[in-house]
Structures are given as C-alpha cells and as structure tokens.
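Q: Fit chains B, C and D to the given chain A structure using the hints.
Protein chains: 4
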Amino acid sequence: MNFRTDLALERRELIYDNVPDGVKFEEKIEGKTKITRIKIETKEGEEALNKPRGNYITLEIPPLSANPTESETEIELIAAEISALISQKGCVLVAGLGNHNITPDAIGPKTVEYTLSTRHVAESMPQFNFRPVAAVAPGVMGQTGIETGEVIRGICDRIKADCVIAVDALASRSVSRLGCTVQISDTGISPGSGVGNARRELSQSTLGVPVIAIGVPTVVDALTVAQDAVKSGGEAFIDKSKLGSLMVTPREIDSVVTSVSKVLALSIGRALQKDLSVSDLYFLTQ
Amino acid sequence: MNFRTDLALERRELIYDNVPDGVKFEEKIEGKTKITRIKIETKEGEEALNKPRGNYITLEIPPLSANPTESETEIELIAAEISALISQKGCVLVAGLGNHNITPDAIGPKTVEYTLSTRHVAESMPQFNFRPVAAVAPGVMGQTGIETGEVIRGICDRIKADCVIAVDALASRSVSRLGCTVQISDTGISPGSGVGNARRELSQSTLGVPVIAIGVPTVVDALTVAQDAVKSGGEAFIDKSKLGSLMVTPREIDSVVTSVSKVLALSIGRALQKDLSVSDLYFLTQ
Amino acid sequence: MNFRTDLALERRELIYDNVPDGVKFEEKIEGKTKITRIKIETKEGEEALNKPRGNYITLEIPPLSANPTESETEIELIAAEISALISQKGCVLVAGLGNHNITPDAIGPKTVEYTLSTRHVAESMPQFNFRPVAAVAPGVMGQTGIETGEVIRGICDRIKADCVIAVDALASRSVSRLGCTVQISDTGISPGSGVGNARRELSQSTLGVPVIAIGVPTVVDALTVAQDAVKSGGEAFIDKSKLGSLMVTPREIDSVVTSVSKVLALSIGRALQKDLSVSDLYFLTQ
Amino acid sequence: MNFRTDLALERRELIYDNVPDGVKFEEKIEGKTKITRIKIETKEGEEALNKPRGNYITLEIPPLSANPTESETEIELIAAEISALISQKGCVLVAGLGNHNITPDAIGPKTVEYTLSTRHVAESMPQFNFRPVAAVAPGVMGQTGIETGEVIRGICDRIKADCVIAVDALASRSVSRLGCTVQISDTGISPGSGVGNARRELSQSTLGVPVIAIGVPTVVDALTVAQDAVKSGGEAFIDKSKLGSLMVTPREIDSVVTSVSKVLALSIGRALQKDLSVSDLYFLTQ
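Protein chains in written order, with our numbering: chain A, 10 to 295; chain B, 10 to 295; chain C, 10 to 295; chain D, 10 to 295.
Treat the hints with care, since some could be wrong.
When chains are identical, the list treats them as one kind, so a pair holds in a single copy or across two.
[To be verified] Only pairs whose alpha carbons sit at most 20 Å apart, straight line, appear in this in silico SDA-like list of lysine to any residue:
| # | residue 1 | residue 2 |
| --- | --- | --- |
| 1 | K249 | D237 |
| 2 | K240 | I24 |
| 3 | K169 | G151 |
| 4 | K169 | E159 |
| 5 | K169 | Q152 |
| 6 | K52 | G31 |
| 7 | K37 | E81 |
| 8 | K249 | Q236 |
| 9 | K249 | S183 |
| 10 | K169 | T215 |
| 11 | K283 | T294 |
| 12 | K52 | E210 |
| 13 | K43 | E69 |
Honestly, the hints are just simulated from the structure, not real lab data. Predicted model, so just to flag it, every value in this text is computed and none were measured.
Chain A with its partners taken away, still in its complex shape (with noise of 0.2 Å):
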C-alpha cells in the first residue's frame, strides 16, 4: 500500500477500519496542540501501517509566527516529547536531513543551521553545564555523492554520539496539517521516507545508537490533494494519469519553512539543555 504519507497519524486515519491490535493509540489535548501516540508493537502493526515498530508522536500545534519566540507553550511541548525519548546524557548528533536548496527540503539543514552546538565547548566552559551536541546537515546524495545515511554514520562512529536526533521534511495527505505538525519517533529514519528521496537507513541498527526521527510534513501531492477534495463516492471520477508525480507546497513555503525550523531548533535545544530557557536558546542562536 502506498499511503502517500510519512505521518503515521495519518496512517492510521486511512486503514481505520482494519486497524490491528498490535496499534495502540491515544491523544490528548493541551492548550492549543492536539497530542497524538501511536505505538506499533507487533508485526502485524508493523505491515498494517509499513513502519517500524516503535513510538510515534505527533503533535497538531497552531500556525507559527515569524517570531519563534511566540510559540514558547508548543516549544515546550515538543521539548517535553522529545526529551521523554532520550537518555539524559551522553553526547547528542542532531543531523539535518535534505536538500537546503529546495525550499520545502529544507528544514533538516535549516533547524541545524539554528541549532546550538556546544560539544567544543561543553568541558571548556564548565559553568554552563552544556550537554553535549553536534549538528551537522551532510547534504543530499546529489550533492555529495554519498547516502546520506553513510555520512551520518561515519560521524557519527568517529564522535561516538551516544545518540542521533535526524530531523526531515516530511509528506502529508493533508495541506492543513502542513508545517505545523511535528511527528516525534524513536525508530529512526527507513528508506524511501521523506519526500520521495530514497535515503539509506538511519536507525540503531544502521548507527548503533538510539535514533530519534523529527519531522514536519511541506508537501502534499496532487492526486492526494485531488482526493482529498472528493466527496465519498466521487473516488471513481479522479483520472491519477494527470497528477502524476506533482507534489504540492503551498505558496508561503519559504517563511513555512523557516518559521518551522527555529521552532525545531529550540525545542531540541530545550530537550537537551536543560538550564537554559527559550529566550536564552533563541538570544544564543540568531
């Protein structure tokens, strides 16, 4: 099945009716976020929605404003989300995933390029009490002629990273839940995710070391959105032959993108730094 979608949320949504037990579900509301976490624990789960097992959160937050500094409540949530699946300690490789010249690609190298990095300086400057992190966006195959996937790991093995946050633009069905909804997971990257680029697995199997997937859906394509759009009992009446392989972003994409990425880029800092707050982050980053 191809579900035209890298949200599991969304997954879910469209096999509802078959949906195994091997999937757990539940969601919550806090404040303005919807919070929803999907856990796939069997195989059968594994195959209903074709992801790895494992936990997947995903948080529905409001529009971002140009100032990141705005949505401080959401920040906070993904924070909390984030750190829940991580140890405590240890040294942290954030890797931007992407394209940074193709705009809706861009928000792996984007939330890198806003991300503090303190692993040089965390013994220096003890009286910060930094933990240490590394953020690196290694570009695409295209670009460097290497998998993204072997970059990353032989960083990796050679800073012996304690663990992997791999940050990706991602796809939805849906352009209203484009680039305000976060998916959160604890299984890595497999190939084929993102938005159509085939990428060598990121994942403790690959890396062997705990690898946390954050993403934000850009892009939507066209026979979805043409689907989408059509009644119940209208699916007949849509010709795939003239949407090809269009993917659709809306017209905005650029300060999407942007907004998005310092919003990534703080929560990660505040799941990693524990001591300095979002005004802090942000003064650190600009």
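A: Here is chains B, C and D on its own, set in the frame of chain A:
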C-alpha cells in the same frame, strides 16, 4: 466568473462553447513550441474572457534546463513576439513585479536582476548601439507601503520612458503549464491579476505609454488541481471547503523560477538589443 | 582636499588647526555612546569640510550584537536625533541607497527590508495611529540604468512624501569606527559621497522636501589604513601606488551589515511611530 | 616567526637572504600565468618556512571574470598541477573547508557546491567513465561542535576514499594577490592555517590517504597592508597597536569568492574527469 487563471488561452478553453466572435484565435507549432494568438476585439470578447481588448500571445515551450543558452530557440521565439508588439525605438522600462522573498512570486524581480540595463551608458558608449533600457523591481505594497503601479508611474514619468515591459508571475489552471508557458500581451496588467494580490493597473491609460505584459504561471490553486483531476460527471463530489485559497506550486519551484527568469531576461534582451546575440547577453548579465 | 571619509567628525579632526568659526562643535557622553554635533554655518565652513551647511550628528555606539533588541538604549538615542531633525507629521519616504549584492554597500537596502512600511494601511487601520511611511531600495545605476536620485525623485513626487530619510553606507578613516558609528544629517546626500559611487544629489533643492541622511561607515580605504598605522614623521615612507583604490572592510562584514541595518530600521521606526516600542517594531518587522 | 601569510611563495620571499638549501624554487610563465614551484626537502626547510616538507605550487592568474568559461586556459593549468599530484585512480573526497556564512571564508563550501559529484552514479552509469568523486562542506567547529578534521576523517574512513582534496581560503601578505593566486600542495592542511581559525590537521598522517590542499587568499591582515605600503626605512613608524587583528578584504569580495569557487571546481573537475571538457563540466554543475 472566476477563471482561476491569468492565461487568456485557458479562459478561452473554459468557455469553449460560448466564445464570442470578438475573440479571434489561431495557433501554430514552431519546432517544440506551440504559439497561440488570441485577439480580443469587442466588448463581448472582453466580458467573455474578463480581460481588456488586445493581443494575447502564448508560447508553450519545453521544460527549461538550468542553462538558459540551451533554450536559444525558444528565446528567439519569445523575443520575436515581444519585438512585434513594441516600437523599435525609444527608452524601455522593464518592471519586475512581485515579491522576491516568495519564490513563486519572484519571477518579475529575478528577471530584472538578469536584464541588461543600458540607459546610463547608451549615450556614452555609442559603439554598442544600445537601445536605452532601464530595469526596476519596485517590490510589493506590503514591503514598500506604495501601490506597485504608483512606483512604476513615478519612475516612468521621471525618466520619460517610451514603453514599459511588466514581468509578473501568473496563475494557471494546469500544473503541466507551470514554468513552461509564456504569455505576452499588449494590454498591460489589470487590477487583481497576478497570484492573488490586487495591484493597481499598469496600462497605457495609467502610464501614458504602451505597456507590454509578460507573465509565466508558477501556481495553480488547489481547487483547480482537484477539479482537473476529476473526470466529467464527478464535479459535484468536490468539497470546495477543504481547499480554501491554497495555491499549489511545484516542489522544485526554486530552480524553475531561476531558469524562467534567465530565459525571460535574455528574450527581452534579444527583443531590445538587436546587435547582441543570446551568448553576448548571457555573458554581459550573468 | 580628498578627505577619504564621509564623516563630518573625521573631516573636522583632519583640519584640526584650521577649523573656521563657521563650524560649531560640541560633544557629550550618554551611557556608552558619544554624541558629537557639528554645525556648518558659513561658506568657509562648507569649504573647510567640503560639505553643505547644516547639522551633522555622530553617535559612536558600542559594537552591536546579533540581537538588535539588546541595543535598545542606542536605538532610543539614534531615534531621538532623527526625531529632532524632522517634522512630526506627514508621509516619510525611507530610501535605502546602495547595492544589495555588495555586502559593505548593502546597509541601505537591508535597512529598508527591516523598516515598517505603513503608508498603505495608515488610513484603513486608524486604531494604530500609524504615521505613513513608505520604504524603497531603488538599486544602483549599474543595475537599473537610472541615477538613484532620479528614481527617488520620481517616487517622492508621485506619492507626495513630506520628507525623505536616505540611508547609505559610508567610508570612514578609522577601522575602529566601522559598523559602530552613525552619522545623521539634515543636508541630504551630495554627489560622490558614499563608498565611491557618484550618485546624483538627494537634497531639499532636488526633491523639494527635507532630506535626512543616515549613514554608517563600512569601509576604509587601504591608504588610510596604512597612514593611520604610521606614526608622526613616517608619512613620507608610504608608497601610495601600492594601495590604489582598494577599500578595506572587516572580515565579518556580513554580520556587521545585518546588525547595523536592523538597528537603523528600529531607530527610524521609533522616530516615526511614537506609539510603538522597540519590541513592537521588532516583532512587526523581523 | 609569524609570517601572516599561508602562501609558501610569500614566506620564502620574506626570508629571501636566508633560504636554506632544503627549499628548492623554480618559476615559469605560461601565457598570462606565473607558476612557481617550491619544494621543501629538509627539516631546515620546514623550520625556515614553518610548513611541512612537500611541494607547493603557486599559480598567479589574471583577475577572473564572472564567467568561468572565459578562464579556460587558467583552469587547464590549475587542473594539470592538481593532476600531477594525485594518483589517476580511485575515489576522491573533495572537502570544502571554512564557513559559508562569512564571505571571505566561503571559498571551500562554494567550491564544493560547484563540484561534480559522481561517486553515487559512477557504477550505474559506466558509459560516462566517471572517476568516483564525493564532495562535502562540513562547516566549521563553531557551527557543528566538531573539529573539521574529525568530520572529514569520519567520512573519509566510511567511504574509503583514496585521496582527499581540501579546499580552503588563505591569508596573503599582498592585496594584489587576493582572488588571483592559487596554491596547491601535497602536504595537507596544518593546524592554524586558514584565516585565523585553528583547525585540526588534515594530512596523510591523520587521514591515512594523500591530502592535496588547494587554497586561494581572500584576506590580508591590516598590519601587513600598512607594512606593504611603507617604503624601506619607514617600518619603525608603524604603530602596530592600531591595527590589532583586523583582516582586510576587497570590497567586491562577494563576486570574487563566487568566481574563484567556480574556477576551482572546474579545475578539480578537469583534473579528475579526463573525458569531460570545461564546457561539459560547467553545463553539468551550474
């Protein structure tokens, strides 16, 4: 009628059975380019297409590569159409409309960036036989606080331009036309055209000199994407409320806008500087 | 005399023993800022400093951080000086001079980018009590084919601005002043000032309305760097032919220009929109 | 001795009367390019120039235009020197050192951007006879939290590269050499070179494979500018305290860095892909 397209060609298609006599039409193929000419001659024609009377030439060209000199054949075709609509003498003001910070809206400003300006050297370098050309990208009202039409008019009056070429991003009804359709008209730009921002009219009646409009579609609205994908009989199944005012743009919009802008600038250059080849212009402006 | 500086302050220093009576001078310290006022009152004063008569206020401020709200004290001081030179009512046109593609020349265009334009909403949003402000970055003659002064004049006439604030990068004689000296004058901008590009005069006599010039030095010419480094008695040893027309700029010029531009835009905002705080302005324009 | 230059050529000039036997030197003119070869053969030579033993080839080329294909002659000369220093087979990793956000430091990252990567397609497209090339711009330690040398080593180990080409911005003693001098060496990059940032060594001893370093000067320190401008006998008059650690760079540094990076990328391409012409490479990478 809301056509959801700025292309006269597509508006005519939409009222196919009701095209009045006052709308003339012809098409021909030149190599890989299809050239369509629509002429609106009467009030009925104006009302039918909701566009002022005049000539609308559309060139449907093959997808552009990153290297504009590869598209020399298409550049010559576009240049010939521009040349046919303007006087062969006098100072030309190229105005790039749109917001350079929003990628799909940046075709105007980027075309200006690649345009060869000669007005300041035309007299002092007579050996080049330059036609005087000025080029400005006035920004959008949200940035400047001034209607774009007012900025252009102020500059046009001041430098006593004999003709204005206004370049703008357009909306189309078809994703397959994005980035590879050029519409040229001698009617200027009317309020509310472009990608959704009302702009004050740019026309002979407001500027006092002929206004040639050149546009390339970069967005389709999402409802149109859905409608296009639905076969005859299925229209009623579309739930318009789900699509709102979303604009759809290709994922690779960054490179599309750059390529299109270079080709337009070279086409304008060829139309205005008869002594310079595409290679000369590319060399002088890249 | 070629002063190799656009700062009235430095020109006065250079003729220290020969300052005519028609050049008044006073200085004071406000916090960490040194404010110097030079007033040229006579023809002798004009000739001595090679600048038109009028007021030249220089603020020497501490180096700026990346976060402009950190510089609120300095912003208020700059705003107060701007405010003292202009009428408290009417439409203001902010003109950002210089080439945005050459980093040390980009202070004007970047200041415009961060300036709050209100002219288009001042009437429709009376609750904000906005003073009407328009802001344009007309580009340089090499890009547009039009003298910058002509573009500004065309727009100024068209929108009937009551005052122009022209922002430009300057040359200084001292590397220690780059990026942390603000000169404000009520005399407009004269031909040949700026960083070496002759631009047509922008002044009350050419535009018909008062012109406030705000400039910050970003370059020093290399000969001056050498001369500054040579102690008294060693001047004759300098081989001028080795330095030509080279301009010197700090290695971190990219971040300096961004920080300065944000601070100037906020200072202009504070001078013009009395009801908005620095935080309000930063929030509305970032 | 602090030479304030990374060019072996300039260091040798500075100790002209004391060049030990272990420093060989020859120069020749090819068209408009002067090629200088310095070979450090002994410990005395290493100490005299404060550089490791090996070959240092310097090409002084004419100023570059915006169009790199205009510089085909110089590209071929640079390519020939690179080719002479490396094996003709095996995978090459091109590493662009420096900070892409600081213009004079961006030559490394920008060269990578224009480099043709082929490692991922070399096997699947045998008809092109590509030599496998990977290219990465790892960012600087302040951004990533990781020593640049560590990042390169991690990737180099992972992909089993047979050779590394490290591209970096350099410091020179002469403003006339900025942007038009290329130094190529087979000794790698030592700590503390570059424009002032200590970087961990990149060399055969740390990476396990040959490391070719290619550098172009983009900065001169201000004290050197002053000293250069003072004739013999005047040195004592220079007040070093006034110049501190200021680095001088040309005002048009943005365009210089872009032109140099394109030329270096094409030169590397010519050295590695014998079947592709400069035009082919330009077409594939622009």
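Q: Now, for every hint given, state plainly whether the structure supports it.
A: Status of each hint after checking the structure:
Proximity of K249 and D237 under a CA criterion of 20 Å is satisfied in both settings, with 13 Å inside one chain copy and 10 Å between copies. For the identical chains of this complex, K240 and I24 are intra-copy neighbours only, at 17 Å inside a copy versus 26 Å across copies, given an alpha-carbon limit of 20 Å. For the homomeric pair K169 and G151, the shortest alpha-carbon distance between copies (19 Å) is at most 20 Å, but the shortest distance inside one copy (27 Å) is not. Within a single copy, K169 and E159 get their C-alpha atoms as close as 15 Å, and across copies as close as 11 Å, so both meet the 20 Å cut-off.
For the identical chains of this complex, K169 and Q152 are inter-copy neighbours only, at 18 Å across copies versus 26 Å inside a copy, given an alpha-carbon limit of 20 Å. Taking identical chains as interchangeable, the C-alpha atoms of K52 and G31 lie at most 20 Å apart only when both belong to the same chain, with a minimum of 8 Å there against 67 Å between chains. With identical chains, the CA atoms of K37 and E81 are at most 20 Å apart within one copy only, with a shortest distance of 19 Å there and 42 Å across copies. In this homomeric assembly, K249 and Q236 come within 20 Å of each other (Cα to Cα) both inside a single copy, at 10 Å, and across copies, at 12 Å.
In this assembly of identical chains, the alpha carbons of K249 and S183 lie at most 20 Å apart whether taken from the same copy (18 Å) or from different copies (14 Å). Taking the closest pair of Cα atoms, K169 and T215 come within 20 Å of each other both inside a single copy (14 Å) and across two copies (18 Å). For the homomeric pair K283 and T294, the shortest alpha-carbon distance inside one copy (16 Å) is at most 20 Å, but the shortest distance between copies (30 Å) is not. For a Cα distance limit of 20 Å, the shortest separation of K52 from E210 inside one copy, 19 Å, qualifies, whereas the shortest one across copies, 49 Å, does not.
In the homo-oligomer, the alpha carbons of K43 and E69 lie at most 20 Å apart inside one protomer (5 Å), although the nearest pairing across protomers, at 46 Å, exceeds that limit.
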